[in-house]
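Enquirer: Each chain, written out:
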Amino acid sequence: MYQTIKIIIDGKECIAKKGQYIVEAAKENNIYIPTLCNIEGVKPKGACRICTVKVNGRLMTACTTPVAEGMSIESESAELTDLRRSIIELLFVEGNHFCPACEKSGECILQALAYRYSVMAPRFPFMFPIRELDASNPKIIKDHNRCVLCKRCIRVIKDDEGKNIFAFKKRGHKVEIIVDPESADKFTDELAEKAMEICPVGAILVKGKGFKKPIGQRKYDLMPIGSDIEKVSKSKKAVL
Amino acid sequence: MGQKITIEPVTRVEGHGKVTIHIDNNGNILQTRLHIVEFRGFERFVQGRPYWEAPVLVQRLCGICPVSHHLAAAKAMDVIVGAGTGDGLTPTGEKMRRLMHYGQMFQSHSLHFFHLASPDLLFGVNADPSIRNVIGVALEHQDLAVQGVMMRKFGQEIIQATAGKKIHGTGAIPGGINKSLTQKEVDTFLKGNDPMNIDKMISWSQDALTFFKDYHSNHKEIIDDFAEFPSNHLSLVRKDGALDLYHGVLRAVDSEGKIILHDVDYQEYYKYIEEEVRSWSYMKFPYLKEFGKDNGWYTVGPLARMNTADFIDTPLAQKEFESFKAYNYGKPSNKSMHMHWARLIEILHSAEKMKELLLDPDIQKGELVIKGNKKSEGVGLIEAPRGTLFHHYKVNSNDQIEMANLIVSTTNNNQPMNNAVNQVAQNVMTGQSIITEGMMNAVEVAIRAYDPCLSCATHALGQMPLEISLYNSNNELIDRKIK
Ligand code: SF4
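The listed protein sequences derive, respectively, from chains W and A.
Our numbering applies: residue 1 is where the first sequence begins, and numbers increase by one.
Our numbering applies: residue 1 is where the second sequence begins, and numbers increase by one.
If you're looking for bench data, these hints aren't it; they were derived computationally from the structure.
Nothing here was measured: the structure is a model prediction, and the numbers come from that model.
Warning: the hint list may mix true and false statements.
Calculated cross-link-like contacts (lysine-lysine; reagent style DSS-like; alpha-carbon spacing at most 25 Å) [said to hold, decoys possible]:
1. W:K139 <-> A:K374
2. A:K200 <-> W:K209
3. W:K209 <-> A:K166
Let's have the full structure, built from the sequences with the hints guiding it.
Expert: In structure tokens form, the structure reads like this:
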């Protein structure tokens, strides 16, 4: 049996399980706190900061902060919404995200969040970095233009001995994801499929597999991000 | 001392056209040139991208007929993934793509005829531009305007059902299609409430032809004599010689109807066709190699297709084809304004084809995709509304596009459009020292018959804004007229 505790999210009294992270507790109370790098069941990283909330007045990442008795959490305030929107905008301007021809369009978390937060034109200048497409792996293409460095691929895709398949190469703003040459032979077709699926954007593409799922039938075409948790009708698209 | 007249549409930056006319002191036309900005950028954009992105990426070339680019690229990629050309796909794959294409043809041709061409016909070339537009048509011929809008809508709904979106969908993928239709979708097209059903579309297509033929019998001077000049004609035809807008072999006939390109496999188009670069134009000039630059140029589009095909495989359009042929004594028509007639026959043909496909059980079930041994090079051709469209790609062993070459319909029609403008200039401008509204309109109408990119042909919401500048041989501006 879990020990239950009481917390408050956006003024609503909620029941949470002790030791749970805030995002999980919120979800069980039908409150959506946006996440991008986080994946259920995998140790959280707090890399993207999109889930930032105010806990008793202090900014914390909801994916890495466990709940505690009496916590007062603020999530959907104008201030936090603007903060989240600015993070989304920064991610857009930092890479080259051209949704119209992207395989992940309709299933991309970044795009779905941009819709939810009504990102029209970013307030920051586009950086238009010059990045190459790496098609040298026989199974996947890595489009560095779209990578948001969330580390999902590194954290989730492991070989049968539990070793990472993906790794970071280079440093600073030049950092990019690679298939670790030492693990390359352990990189199966199934793992490649899984990597494409867990990548929140279109940075990992399985070779030869494009646009199989029709537009209009894709995940976020059918249900805007967060609406499954909030259990609201399809029409609720944006927060503000 | 010579003079130079420049006619420049200034509404849109991209795809805009510009006409320059050189005349001598006696008003004789020395030379005419039509300049159109072309889309070469896309051939560079796709380099390095995965091959399966091409059909989705290149359709962004155009917001008016994206489906043509989508399908031409997909056909080229069929070859790359080893699915063969055109008829190599599964029945569902090919039929869904065809349905998408006929929907596209139907909506694009309807837009062209009702919104762009009908104002010229209804109000005449010399009419006041304030009424010579689709608003004028709506006010004076409400039934026609409504039909135009609804036919376009029907075609777009077909595109949405087959491609996922009305504009820039993702339906065609290398080796096939990503969806089939449900019975419910089919029923909305077959049995939809009046007028949104296929039978109404067929009967409206026939009405449009009746309207045109009535008009023709009263205005032979406009339809038969305007911008007529001998030309070769090129298009795909089905292997048995039937009109086929989606797939076939490449055939060309000369102005007398003699076959000069004998039903060749388009995978090797570059053996027969070359593109000439001229210093004064961004757009290349394609021609049939065998006949050289001066004699090898050709026309593409609805009129060319009527001239190359032996017959049409749908009964109502075949009857119209027969009367079109009979009117031209069985010879190719070289009359630019017959392009509208041909376009209407194709609207009817597309409607009949859509019905045939909607009744076909294959579009509701069956394998969607087929693949075989990968190849490194593929060519996809399709008959786009404006004419034959060529897509040619080379892909490296890492699945990345290395080379792309596109020859769009407007490029294929570069020389004939130049000739049409020249013809009109000779007729209406020779011996004239001032530029009249009618002259400007005549040039515009000649260009519009070919239906180049709409950004330079449109007058949907008013006349095509033009600027005419008159220069003497010293390049000094001596007059300017703007409308
Ligand atoms: S490749 Fe995808 S999953 Fe991996 S770090 Fe980049 S965005 Fe995240």
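Enquirer: All hints, please: hold or fail.
Expert: Hint check results:
A C-alpha spacing of about 15 Å is found between K139 (chain W) and K374 (chain A), which places the hinted pair at or below 25 Å, so the restraint holds. For the suggested pair K200 (chain A) and K209 (chain W), the alpha carbons sit about 40 Å apart, so the restraint of at most 25 Å is broken. Taking the CA atoms of K209 (chain W) and K166 (chain A), the gap is near 23 Å; set against the 25 Å cutoff, the hint holds.
Hint check: a violation occurs at hint 2 only; the rest are consistent with the structure.
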